[in-house]
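Chains as they are written, first to last, in my numbering: chain L, 450 to 587; chain B, 4 to 166.
By construction, these hints were calculated from the structure, which means they are not laboratory data.
Keeping only pairs whose Cα atoms sit at most 27 angstroms apart, straight-line, the calculated DSSO-like set for lysine-lysine is:
#: 1; chain 1: B; residue 1: Lys140; chain 2: B; residue 2: Lys100
#: 2; chain 1: L; residue 1: Lys560; chain 2: B; residue 2: Lys100
#: 3; chain 1: B; residue 1: Lys79; chain 2: L; residue 2: Lys560
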Amino acid sequence: MVRNKAVLLAFRVVLGGLFVYAGAVKVLEPLDFAQNIRNYDLVGQALSFIAAIVLPWLEILAGAFLAAGIWKRGAALAISGLLVFFIVLTVVTMIRGLDIDCGCFGAIDRKAGLGVILEDLAMLYLGLCALFAPRTLS
Amino acid sequence: MSEGGRVVRQALALGALSLLVAAAVHFPLVKRFARGEFRESFFQASEYPGVRLITLEEAEDLWRTAQAAFIDARRKELYDAGHVPGARSLPASEVGKAIPADVLNSPRAGTLVVYCEGGDCQSSLLLAKRLHDEGFKDIRVMTGGWEAWKTAGLPEERGDGQE
Numbered sequence: 450m451v452r453n454k455a456v457l458l459a460f461r462v463v464l465g466g467l468f469v470y471a472g473a474v475k476v477l478e479p480l481d482f483a484q485n486i487r488n489y490d491l492v493g494q495a496l497s498f499i500a501a502i503v504l505p506w507l508e509i510l511a512g513a514f515l516a517a518g519i520w521k522r523g524a525a526l527a528i529s530g531l532l533v534f535f536i537v538l539t540v541v542t543m544i545r546g547l548d549i550d551c552g553c554f555g556a557i558d559r560k561a562g563l564g565v566i567l568e569d570l571a572m573l574y575l576g577l578c579a580l581f582a583p584r585t586l587s
Numbered sequence: 004m005s006e007g008g009r010v011v012r013q014a015l016a017l018g019a020l021s022l023l024v025a026a027a028v029h030f031p032l033v034k035r036f037a038r039g040e041f042r043e044s045f046f047q048a049s050e051y052p053g054v055r056l057i058t059l060e061e062a063e064d065l066w067r068t069a070q071a072a073f074i075d076a077r078r079k080e081l082y083d084a085g086h087v088p089g090a091r092s093l094p095a096s097e098v099g100k101a102i103p104a105d106v107l108n109s110p111r112a113g114t115l116v117v118y119c120e121g122g123d124c125q126s127s128l129l130l131a132k133r134l135h136d137e138g139f140k141d142i143r144v145m146t147g148g149w150e151a152w153k154t155a156g157l158p159e160e161r162g163d164g165q166e
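So that you can see chain L by itself, here it is in the shape it has in the complex:
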């Protein structure tokens, strides 16, 4: 784990910024995102709808709090939890052989696949560094 204060701050700002961006593009098109969730074929219409309006705000708030240094660990936990969920979801989607858009960054056309998993793992590393940073450094 990283033990340099400046690097940890950079990690928080980068990861927080990415989450704010990812959430913001989805907030603008909630129905498109709901359809993205529905396409995973795991939950029905109602849950897809609820997730599509709540999840982007969780990304934005957790991202903003992490970058701003408010409730840093709580925000890092929420973001790391989301990333673990996204990784599991993408692996399951690949195993099921579904050829669908990941819905990761709104309208940007990307398939749920290995690239998404590697990207999420990289972000998870940043999130875990922020979550487990020693108190004196965070």
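Keeping the supplied structure of chain L fixed, place chain B upon it in accordance with the hints.
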């Protein structure tokens, strides 16, 4: 309070805050959902004026009177196992690729009926949106899908051609 407990509470509070903000910001959309909109699909009719959801009866009528070209959005092996007679296979999983030339060359004003497995399958709607983006003006999605067609005992065709 332990550090771990505090962190978990912060994360839960962020979740609750997100719920409140989402409900406030998307209140008009939530109201529409509560009124029963988006129960079958999330597409906004205003964005896809050429796409309509139709019942099995409407689809059957179009098929019997040969007023529409049918497109099967399921995987090829499901199409081969049985499909609406005369329907063309165009798996929705291939919508990311180029639409085949014979489909693109068909008249944009003609009526297309798209269907998938049935139940709450989504692939016919995905394909319908893609065809709409290609300029087709009248695309109808048979919401009951193949399941409804088969259950109703309507004619079916196997493989690439004859029954």
